[in-house]
Amino acid sequence: MILATGVALPRSALRYRFDRSGGPGGQNVNKVNTRATLFVNYEDLGRVMGPAALGRLVRASGHLAATGHLVITSSDSRSQVDNKRSCLEKLQRLVETALVPPKPRKRTRPSRGSVERRLRQKSRRGDIKKMRRRPRGEE
Numbered sequence: 805m806i807l808a809t810g811v812a813l814p815r816s817a818l819r820y821r822f823d824r825s826g827g828p829g830g831q832n833v834n835k836v837n838t839r840a841t842l843f844v845n846y847e848d849l850g851r852v853m854g855p856a857a858l859g860r861l862v863r864a865s866g867h868l869a870a871t872g873h874l875v876i877t878s879s880d881s882r883s884q885v886d887n888k889r890s891c892l893e894k895l896q897r898l899v900e901t902a903l904v905p906p907k908p909r910k911r912t913r914p915s916r917g918s919v920e921r922r923l924r925q926k927s928r929r930g931d932i933k934k935m936r937r938r939p940r941g942e943e
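The end of the sequence shown is residue 943 by the working numbering, with every number in the run present.
In short, the hints are calculated from the structure, not lab data. Just so you know, not all the hints are guaranteed correct.
Pairs of lysine-lysine, DSS-like flavour, derived with a Cα cap of 30 Å [what the hints assert, rightly or not]:
1) K835 - K888
2) K894 - K907
3) K926 - K910
4) K835 - K926
Hey, can you work out the whole structure from these sequences and the hints?
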């Protein structure tokens with residue numbers, strides 16, 4: 805299964821579960837398991853993507869389960885096949901976006917106003933702490 809350029813995952817690494825989908829479905833709604841849930845082993849993805857891209861994938865998607873699987877669900881369609889295809893497309897989009905390295909941050913100087921605000925706040929905090937001290941002349 806090719807997920808992106810240079811990233812291929814064996815079909816054995818993908819596991820599906822089908823459940824009853826929510827929403828309207830007519831007379832079939834309580835009989836047909838159309839919602840597709842795709843489970844992809846985190847370690848298998850790590851082997852083909854690399855640790856940096858895998859970290860970006862998990863941070864961006866938030867689909868990591870406690871079992872160590874990436875979980876993707878689709879119940880858009882009334883068709884099990886369409887929902888299965890939708891899960892694969894979602895996985896491909898997630899992998900493609902995770903493979904793009906983030907742009908390096910440009911360092912900028914703090915504005916004069918932000919520096920003044922910070923210093924003013926520090927001064928206020930210091931004044932508050934001075935007020936907590938024991939008065940000097942008395943002992």
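When the structure is checked against the list of hints, which entries are broken? Sort them ascending. Hint check: 4 fails alone, others pass.
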